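Asker: Sequence:
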Amino acid sequence: MPSEFKKTCHIIGAGRVGKTLALLLSQQHTWRLSHIVSSSLSPSAVSAEVCRSVAQLPPADAVLLAVPDDAIETVALALADSPHFRAGTLAVHLSGAKTVAALAAVTERGGLAGSLHPVFAFADPVLAAANLAGSLCALETQDQRALALLTELAQILGLQPFTVLSEYKSRYHAALSAASNFSITLAGFARNLLSTIALPDDLAQRLVYRLMKQSIENLAALSPEQALTGPIVRGDTATVAAHLSAMTAEEQAFYRVLAQATAELAAGRLKMSEANCCEAKIQAAQAMRAVLRQQTE
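Residue numbers (UniProt numbering): 1 to 297.
Check the hints yourself; a few may be wrong.
Said to hold, decoys possible - Here are the simulated SDA-like cross-link-like pairs (lysine to any residue), alpha carbons at most 20 Å apart as the crow flies: (1) Lys-213 x Leu-228; (2) Lys-213 x Tyr-172; (3) Lys-213 x Asn-192; (4) Lys-213 x Ser-183.
Hint data in this document are derived by calculation from the structure and do not stem from the laboratory.
Just so you know, these numbers come straight off a predicted model, no measurement behind them.
Work out the full structure: start from the sequences and follow the hints.
Answerer: Below, the structure is given as structure tokens:
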């Protein structure tokens with residue numbers, strides 16, 4: 001092992017996240033990526049030895065479990081039962097939803113347990129490895145020794161770590177899932193609306209993407225209430241009614257749910273600035289909520 005390496009680590013699993021972390025760990029000189037457990041990965045694809053079983057892993061300072069959430073407990077048990085597992089080894093799962101309790105088998109055998117969840121959409125390993133640096137990363141553990149190792153690992157991966165308490169893990173992940181997944185669902189809804197008005201597909205794609213991008217960029221400096229634009233926050237009930245009249249019944253149902261939530265957000269903004277807000281705007285917001293309630297009855 002080159003003298004510059006301070007620690008040795010393994011990765012179990014070679015999906016998109018596992019491959020991304022393997023690429024990044026292979027590019028630095030602090031932690032040596034020794035082995036990857038995968039049933040399909042080619043040894044030539046990474047600068048580490050590929051093995052087919054957890055039981056084949058040699059001792060290491062840390063083992064990253066890049067496996068589906070439902071497999072974490074089973075893999076943790078296999079790791080704890082492996083012949084070369086030693087006390088003090090840090091087992092790290094990468095789930096944003098599961099807590100470190102999923103690694104109980106490891107801690108019962110003297111190991112350390114932690115969770116490292118990069119806040120990033122891993123679509124392609126090569127692209128992810130090129131763009132992951134600077135991303136936020138949630139750390140969760142109940143051990144200070146594990147926290148020090150997790151922080152070091154996050155930093156060598158180019159991540160900005162913060163901690164999340166175990167009891168808030170599900171709510172934390174629900175928020176991130178809503179931000180990531182529901183925005184894609186919303187883009188799909190907008191694209192479907194445009195698909196019926198004879199616009200070229202590439203133009204529809206650009207219309208939706210560019211406007212959503214602008215809105216997201218506004219959130220970098222503004223709260224959701226402050227970043228909100230459009231007919232609902234303006235109290236333009238006639239425009240909203242026109243939207244609904246142009247939609248199918250199924251589209252209307254989805255739009256109304258979003259519009260009602262947006263109206264509540266708009267009301268929050270008006271409440272924050274009520275002293276400086278004209279009565280007409282407050283009444284318009286109330287009228288908007290009334291129209292949406294009528295539409296859903």
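Asker: Output the numbers, in ascending order, of every earlier hint that fails for this structure.
Answerer: Hint 2 contradicted; others consistent.
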